[in-house]
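4 protein chains.
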Amino acid sequence: MSAREVLRMDGHLVDSLLLAKVLDAIVAAGASYRILELDLGTTNLDQSHVRLEVEAAGEVALERLLESLHVHGLNREDSADAALEPADADGVLPDGFYATTNFVTAVRLGGHWLRAANPEMDCAIVVDTTTDPVSARTVPMHRVRRGDMVVVGWNGVRVEPPERPRARPDTESSADGGGHESFGFMTSDVSSEKPKALVVARVAASLEAARSRRDQTGAGGAGLGSRVLVVAGPAVVHTGAAADLAWLVREGFVSVLFAGNGFATHDIEAAVLGTSLGVSVDAGAPQEHGHANHLRVINSLRRLGSIRAAVEAGWLTSGVLYECIRAGVPVVLGGSVRDDGPLPDVITDTVRAADAMREQVAGVSVALMLASTLHAIATGNLLPAGVETYCVDINQAVVTKLADRGSHQAFGIVTDVGLFVRELAVALGRRGH
Amino acid sequence: MSAREVLRMDGHLVDSLLLAKVLDAIVAAGASYRILELDLGTTNLDQSHVRLEVEAAGEVALERLLESLHVHGLNREDSADAALEPADADGVLPDGFYATTNFVTAVRLGGHWLRAANPEMDCAIVVDTTTDPVSARTVPMHRVRRGDMVVVGWNGVRVEPPERPRARPDTESSADGGGHESFGFMTSDVSSEKPKALVVARVAASLEAARSRRDQTGAGGAGLGSRVLVVAGPAVVHTGAAADLAWLVREGFVSVLFAGNGFATHDIEAAVLGTSLGVSVDAGAPQEHGHANHLRVINSLRRLGSIRAAVEAGWLTSGVLYECIRAGVPVVLGGSVRDDGPLPDVITDTVRAADAMREQVAGVSVALMLASTLHAIATGNLLPAGVETYCVDINQAVVTKLADRGSHQAFGIVTDVGLFVRELAVALGRRGH
Amino acid sequence: MSAREVLRMDGHLVDSLLLAKVLDAIVAAGASYRILELDLGTTNLDQSHVRLEVEAAGEVALERLLESLHVHGLNREDSADAALEPADADGVLPDGFYATTNFVTAVRLGGHWLRAANPEMDCAIVVDTTTDPVSARTVPMHRVRRGDMVVVGWNGVRVEPPERPRARPDTESSADGGGHESFGFMTSDVSSEKPKALVVARVAASLEAARSRRDQTGAGGAGLGSRVLVVAGPAVVHTGAAADLAWLVREGFVSVLFAGNGFATHDIEAAVLGTSLGVSVDAGAPQEHGHANHLRVINSLRRLGSIRAAVEAGWLTSGVLYECIRAGVPVVLGGSVRDDGPLPDVITDTVRAADAMREQVAGVSVALMLASTLHAIATGNLLPAGVETYCVDINQAVVTKLADRGSHQAFGIVTDVGLFVRELAVALGRRGH
Amino acid sequence: MSAREVLRMDGHLVDSLLLAKVLDAIVAAGASYRILELDLGTTNLDQSHVRLEVEAAGEVALERLLESLHVHGLNREDSADAALEPADADGVLPDGFYATTNFVTAVRLGGHWLRAANPEMDCAIVVDTTTDPVSARTVPMHRVRRGDMVVVGWNGVRVEPPERPRARPDTESSADGGGHESFGFMTSDVSSEKPKALVVARVAASLEAARSRRDQTGAGGAGLGSRVLVVAGPAVVHTGAAADLAWLVREGFVSVLFAGNGFATHDIEAAVLGTSLGVSVDAGAPQEHGHANHLRVINSLRRLGSIRAAVEAGWLTSGVLYECIRAGVPVVLGGSVRDDGPLPDVITDTVRAADAMREQVAGVSVALMLASTLHAIATGNLLPAGVETYCVDINQAVVTKLADRGSHQAFGIVTDVGLFVRELAVALGRRGH
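Quick mapping for you: the protein sequence lines, in order, are chains A, B, C and D. Okay, so the first sequence: first residue is 0 according to numbering that gives the first Met the number 0, each after it adds one. Okay, so the second sequence: first residue is 0 according to numbering that gives the first Met the number 0, each after it adds one. Okay, so the third sequence: first residue is 0 according to numbering that gives the first Met the number 0, each after it adds one. Okay, so the fourth sequence: first residue is 0 according to numbering that gives the first Met the number 0, each after it adds one.
For the record, the hints were derived by calculation from the structure and aren't laboratory data. Hints should not be assumed to be uniformly reliable.
Said to hold, decoys possible - Ranges between beta-carbon positions, derived for each pair:
1. A/S317 to B/V5: 36 to 42 Å
2. B/G152 to C/E36: 35 to 41 Å
3. B/R351 to C/D127: 21 to 27 Å
4. A/A326 to B/D214: 48 to 54 Å
5. D/E52 to A/A326: 54 to 60 Å
6. A/R325 to D/D89: 37 to 43 Å
Stated by the list, open to error - Pulled from the structure, derived: some chain B residues nowhere near chain D, Cβ distances all over 10 Å:
7. R33
8. R63
9. D131
10. V310
11. T372
Claimed, not checked - Simulated coverage check for chain B against chain A, where a stretch passes if three residues somewhere in it have a Cβ under 8 Å from a Cβ of chain A:
12. 234-240
13. 297-309
14. 409-423
The beta carbon of each residue, even a glycine, is placed where N, CA and C say it ideally should be.
Please model the entire structure based on the sequences and the hints provided.
Right, dumping it as structure tokens:
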């Protein structure tokens, strides 16, 4: 039932990351590989050569996988001639036409390999058998003419990975760091243009799995590697997601919370006064109710002495922090120079605050950073490499910044945190809103 | 039951937009005003002076409104002395403390006005009666000490709008255009940090109202001013929102659709192959299924001759364009230089495409631009000023760009279009996902 | 030599901000106005009416100004009929054609006002005298035909400001806050698409003026209102601008510096090791020299005891902080939870750090925030309203965030901080790089 | 004089891209490698193992390189025990302390490998010899105490690359595509926080090299692979860089220009009227001079018949397009639906416009995209894979979008295009501004 095929690839496979990307793609597709032959050369000036056997669940899956690998230069070992079909109308290609990449591409005809002129992405290859020798060219769809002989399928088509732009080590231009070729792959995981329902489902699955692992370790156990850390910024409240995050805490999806004075203040402001920075968060009217609301909340808390005291006094009866207190979820609030007040629970000494955070990261297996820059970077610096980390922010630059600081495992989600947390809560079973 | 109060404001009220902002805020709060006296001076060098009577639904609403107006420099006409209360603990202010702005602020004591030293936002004002004369200073919350006399309420507090930074007309620095003071108001409507459920509700209400107006005009009537125009970019499909937009079309919320080759291709690709740019949009696996999917879709359409023909042939059975064809919603697809193919329905001549769009804008009362830059700007250029326009994009710069091009009525919504359209459909009654 | 004209405007002038915008534009253009008549009505339901006399430096300047005001609905009081000229070729308008706005527009013909059909921006108005009655329509340039009678100039053209979209106070939709109409003006000052040489020149002029004022106050005096505050983030160093900022300090353009551990560490790292976060900042090779450079720098400073001690020991001999120490420019380094180390000079208690900043803001007249979010927001919260503030950041969302927090005087500059500071130093006289 | 060392690495080297990254870094540093032994296993479930000999220019360079490789898990083959030194003061580490990564790390003591507890980035490792067995822990700088034994250097330190988070192919979570680990590398090339002078120098060197190659091919020859393509958006003019780009054309650095109606119109508007979208681009005053300037320019050009005719008539005497006409640099102006006018030279049929662009891409070796989205993506789709491409935009999302569309060779530069082009002209020899 499973299907196999032997493929080969030639070129500067290692230092252009090509081999790695190809093997990665095979595994990502649920297939597996066996390396039959591998010659990496011995220096970076040598060409490499690899022969692989790929095995997939069935013929269809295999064919689809091979087609997607082919664009990276992984070619069938045993090629027959390319198949040709005539276009049956002007501007329309035969079904199954070979769609080009922007790499140099050759087609096998009469046992010989022939390069197609004018490489261009997303075109077809037309073979002209009336020239001597036979010639091939890259043709955009709208310029094909009825009767043109078009390559179909990808048998007998060979993609040549580009020459490395990197100069030899002793030349000046080696300084460029090789950013070029890997660029195409670089950014795909932080783009905002991904199906968001899938991303939500993935994060939901992680939170659910972590909660299950916790449950299995018994009532008392912290459960090594099953804790979920949430780092939350004020935008979680401003965008109306505090109630959803509070629900996540109540349902046991959150093990520990890191935040700053701003998040805590606005969460309490929303809970007590129904506003965030003076703007209504759930009523129909986004009008101002006084810019000083957050100050009054801070002042009241300072009088009460602590958030816990406010809960015990019945003054605070909902919201994220309320649920944390109720559920025994530890909270670390780290101070910053922009804080108003601050709340009595805020650790104003930043070295002590970071130490308090350090004490809480043991056993964390999933970290969810929600619209926080400062505390998210601080947390990223503290976490060991294996922690599954999701950074949710509407601003792509924030996600980039987090990554540039060395948080290798982070998965960037460029989206609206308000709608994201809402959908996350729904995906985890929240009803009625 | 309604409550009134007379207020006054002095300063450069007109050219600093202060009067306008204040009147705007009164109306936005559901209150009304009567101008009792207005002296704008006659030249831009004169100070202005205004006396207003404000009327609100009740004492509470009035007090809340007046407090929010006060921060802009609209003071009570008849001031008593400021009320003072002692702080009862270090670092804690009396309830009802007056929260400062960053403007110069004076307090009335013993019938005299006294400026508070060191203006700073979000602080309190402490009066020292032991000095001679009596003095007032701005104090951050944590530095108040037990027994300090703190101003409470805003009676007897007067905010002085800042001097205009603008120089006289004959000096060089008049060139700056006065960007300074209006800055605080400028960006508040395009921030991503707003409660998103409210924004969704507002757009939903607009779409519903327009549909109702259409229904009332009878079966055949287009209904002047009741049409809803949607401009959609490819990210609508990439982020998984095509099914929700299709539902909006099916339910009659959309009267006309503008898009490009990209949106149409990916919508059809998603409908026929379940992918968008080769990425699965609804299954669990965001892996590649071949980069050429969109080309195959375009090629098939070119063979079929048109999207309508594809629907009639039973080849296309779902998606946004399918629903448009079914519901008789006109679609204008404008070409661009980056198009693959293009689809046979695309108007490749851009002047003709814009003319086709022009024919469809009559009667449009609501325009919804979804993650589109090129077609949104083109549409914004065509619409008359009265059209209620919502620009939804995750990228704030796109929204800014749209505004800079002169689309005065646009309301910018910085959010994830995928989640936004999904929530919009839910708000309008979509169930079951 | 100066020229005058009487204009009038009708509509909801105040609560739509129209009057304010118009008066603002007059002053910004270096002209002046006299209000001859003003009737604002008494409530927000009344129409307003204003008559203004505008005076400019000459006929050309006046005409240009009036033309730009006209698009906002400020019309000549005494209108003659509109002037018409025939188009002399298909698709080409007569010189001087009237260019439309997207507002409803009327033209005066035979003493009567006639609305042009199909309002659309950036078009011409064509009058058809063969219809009965005479008709006018809005025509895009490419659709004008030879012989069409086209309105030229703007005499006899009347722009009608749009009806306010705001509902009456007692209806639900009044909640929207009127974001609509002000949108066109909102974002223009934070766009990245402005001539940058002008912006640089403006900031340079401010710094120069402040330095001159300081010089005039004599050797010892701090000079009330002449101090320049710089708030700097790490990107100043990463982008290679530290040497330029150091030059600004050395030349006396900076009076006080606020920053965090990151900026200070990277400035010292660049000065001592020539790298920033391990990346070379001035050599030809942006390759890594070890990620731990900043840690070694911090550790050395901790051993030395303070930045001043490092300067005195001859260990630190260049850079921004070195120049500050040398020039006696006070520096406040506020701690944050993400800090490595931190440096011994960092005030780790954030409440104490903010208090230290408070002590330094007296006398500040210009604030320059360079690629800093946290410290810029903290500083914005402390500054009184009159301080001229420039926020330089490549990320528009950061500038928006700063504004949303209430820093009303901020002028946002969306640009590359590295290139900006470099150009600023050149504009202020730096040579040789 | 050159220095060598044998290293080894174990783990999932291929599918985690680790081997590729390490080899890449070696070559980027100007060093070379020889693979002595390589065992990739045969399936993706096997561990890999590699032995490399690395050769660098000298001992210092080698040591620095090895240290930077070590953080990725490339360890010395022959390890002695780790060296330890006592801390000589609280909160201060010995010079040369080993700075940790966030990976699991072991130290060799008494011939045995010992894992350090609590892996955390940017810390030190302290060994406690008083415990039995001896223990090691990760300690942040501020928590080290005088006398603590700290690991110095990286001999005897082994970094263990993290376990792959990827599940086996037959489990559901294999769907995630492996975004995790490559994240740290993904975004580093598009960050805005890079030394900009270096980036400018690099692009300048490319343009200079291409011009030299052109010069060497003789007077008449187009010179295969020596042409420089510039794609320019309107922001080039708005930000004041048109004069600099015009200079680049005049000096022979540009071989072909792609743009749209907007860029061309604003370039001509700036040349003829000194404004861009009505805003002055070089005078001191950024005030409005009439929104219709660009329409008048378009209309004049339509009357003149073409840009070439306008140059020949002496109507257009400066600017980018003027210089292109003068220098015989081909220009392709592609139409779009948002165009006003358009200019007579604009190819309004987008399929024909793309074909005209296709004809010009042969021989292009360097492409410089300046603040253009639409035309940059269109061009990226047409270019073969080997072309060195620089995308300059202030908006990181635009650069990402370009990359997501498959333009693999693109090097993203997030900066202000106005300042960038100015600096580029200066770097290539422009004087006098």
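Here is how each hint holds up against the structure:
1. A/S317 to B/V5: 36 to 42 Å: holds, 40 Å
2. B/G152 to C/E36: 35 to 41 Å: With Cβ atoms ~40 Å apart, the hint holds.
3. B/R351 to C/D127: 21 to 27 Å: Holds, at about 23 Å.
4. A/A326 to B/D214: 48 to 54 Å: holds, 49 Å
5. D/E52 to A/A326: 54 to 60 Å: holds, 56 Å
6. A/R325 to D/D89: 37 to 43 Å: Check passed, 40 Å falls within 37 to 43 Å.
7. R33: holds, 35 Å
8. R63: About 39 Å separates B/R63 from the closest Cβ of chain D, which puts it past 10 Å; holds.
9. D131: At roughly 49 Å from the nearest Cβ of chain D, B/D131 sits farther out than 10 Å, so the non-interface label holds.
10. V310: Correct as stated: the minimum Cβ-Cβ distance to chain D is 24 Å, above 10 Å.
11. T372: Given a closest Cβ separation of 7 Å, the condition is violated.
12. 234-240: holds (count 4)
13. 297-309: holds (count 5)
14. 409-423: holds (count 8)
In summary, the structure is inconsistent with hint 11 from the numbered list given earlier, while agreeing with all the others.
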